[in-house]
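Enquirer: Sequence:
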Amino acid sequence: MERRGLSISSLTFIILGLIFQAIFAGSTSAFGFIVPFIFAVVAAFFVVNAHEGGAYLFMLLSAGVMVGYWTTIATWIFLIVIPVLFLLIIKMKQPVEEIDVDRDFPAQKVYSEGSSDPRIILPRSKWVILNDYKIKKQAFSVGDELELNVILGSAKIDLERALMDGELMDLSLMNVLGDTTIKLPEKWSATVEMNTLLGSVKALGHQEDGIIQRSTIDVGHPASSFGHFNIKINSVLGDVKVVQKRRK
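So in the UniProt record's numbering, spot 41 of the sequence shown is number 41, and the numbers just go up one at a time.
Misleading hints may appear alongside valid ones.
Listed below are the simulated DSS-like cross-link pairs for lysine-lysine, each with C-alpha atoms no more than 30 Å apart in a straight line [what the hints assert, rightly or not]: (1) LYS183 <-> LYS232; (2) LYS245 <-> LYS156; (3) LYS202 <-> LYS126.
Computed beta-carbon distance windows for the label pairs [claimed, not checked]: (4) ALA30 <-> LYS134: 32 to 42 Å; (5) LEU168 <-> THR28: 44 to 54 Å; (6) THR71 <-> ASN131: 23 to 33 Å; (7) ILE121 <-> ASP218: 50 to 60 Å; (8) ALA74 <-> PHE24: 18 to 28 Å; (9) LYS137 <-> SER27: 46 to 56 Å; (10) ASP132 <-> ASP209: 16 to 26 Å; (11) ASN131 <-> THR191: 23 to 33 Å; (12) SER224 <-> ALA74: 52 to 62 Å; (13) LEU16 <-> LYS187: 25 to 35 Å; (14) LYS137 <-> LYS187: 20 to 30 Å.
Derived from the structure by calculation, the hints contain no laboratory data.
For each residue, glycine too, the CB sits at the ideal point set by N, CA and C.
Work out the full structure: start from the sequences and follow the hints.
Expert: Here it is as structure tokens:
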């Protein structure tokens, strides 16, 4: 609750900055108002849907563009430096070493000799920016929480190959101008919350398209399933698919 209040306070300062920009830079100025306004709208979307990382990233981008307008520093420098610094901070805060399974572990080396335990650990938080991230054929282990953030990239994760800690998993997905596909294991139930801002989400036979859409679906019965997923999707100008055998 305290973090939510901080996000709202930060967004309030961004809004005040936009009012200043509209008055002194003009509401038709591309980098003086329009671009920071778009970033602020996306940030507000993530604040409302309680995605802290996305909210702060786009608030910083909005503030950076506004500051860049009044300085001699080229605006594009802010657009590059802010995401890079943001990612570095995220990596420093991660408690688990992040592993690129496609690069570090060929499919035939997934299991150690004489052992059936996966050697690959998927980090609790994964950011994919201007990149592709795929885990389709490798076996891997994952905890009871996974946050996947895709910006101007693509991600495909096949959870049928995952060894999970328990029978309940929380999956949070932020997708901005990206293409993301998540495949769920059979005989698992799921609750899927879909929040879209000019995006498209197809989840287990249900589809959401439009400017601002929000819906929640329940698939399967937890009591008669091997496990249950709680999935929250926030999509902005991107495509997200959550699939399961016999449910497309």
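Enquirer: Given the range 18 to 28 Å, decide if the beta-carbon distance of ALA74 to PHE24 lies inside it.
Expert: holds (20 Å)
Enquirer: Is the straight-line distance between the alpha-carbon of LYS202 and that of LYS126 30 Å or less?
Expert: Satisfied, since the Cα-Cα distance of roughly 21 Å is no more than 30 Å.
Enquirer: Mind checking the hinted window 46 to 56 Å against the Cβ distance between LYS137 and SER27?
Expert: For LYS137 and SER27 the Cβ distance comes to about 51 Å; the hint holds.
Enquirer: Does 50 to 60 Å hold as the CB distance between ILE121 and ASP218, or does it fail?
Expert: Given about 30 Å between the Cβ atoms, the range is violated.
Enquirer: Taking 30 Å as the top limit, are the C-alpha atoms of LYS183 and LYS232 close enough?
Expert: holds (15 Å)
Enquirer: In this structure, is the beta-carbon distance linking ALA30 and LYS134 contained in 32 to 42 Å?
Expert: The hint (32 to 42 Å, Cβ to Cβ) holds, given that ALA30 and LYS134 are roughly 36 Å apart.
Enquirer: Quick one: are LEU16 and LYS187 within 25 to 35 Å, going by C-beta?
Expert: At roughly 51 Å between Cβ atoms, LYS187 and LEU16 fall outside 25 to 35 Å, so the hint is violated.
Enquirer: Quick check on a hinted range of 23 to 33 Å for ASN131 and THR191, using CB atoms only.
Expert: For ASN131 and THR191 the Cβ distance comes to about 29 Å; the hint holds.
Enquirer: State, for the Cβ atoms of THR71 and ASN131, whether the hinted interval 23 to 33 Å holds or is violated.
Expert: holds (30 Å)
Enquirer: Would the pair LYS245 and LYS156 pass a check requiring their Cα atoms to be no farther apart than 30 Å?
Expert: holds (16 Å)
Enquirer: Has the hinted range 44 to 54 Å been met by the Cβ atoms of LEU168 and THR28?
Expert: Taking Cβ atoms as reference, LEU168 and THR28 lie about 50 Å apart, which means the hint holds.
Enquirer: Tell me if the beta carbons of SER224 and ALA74 are separated by a distance inside 52 to 62 Å.
Expert: The hint (52 to 62 Å, Cβ to Cβ) holds, given that SER224 and ALA74 are roughly 59 Å apart.
Hints 7 and 13, counting from the list given before, are not met by this structure.
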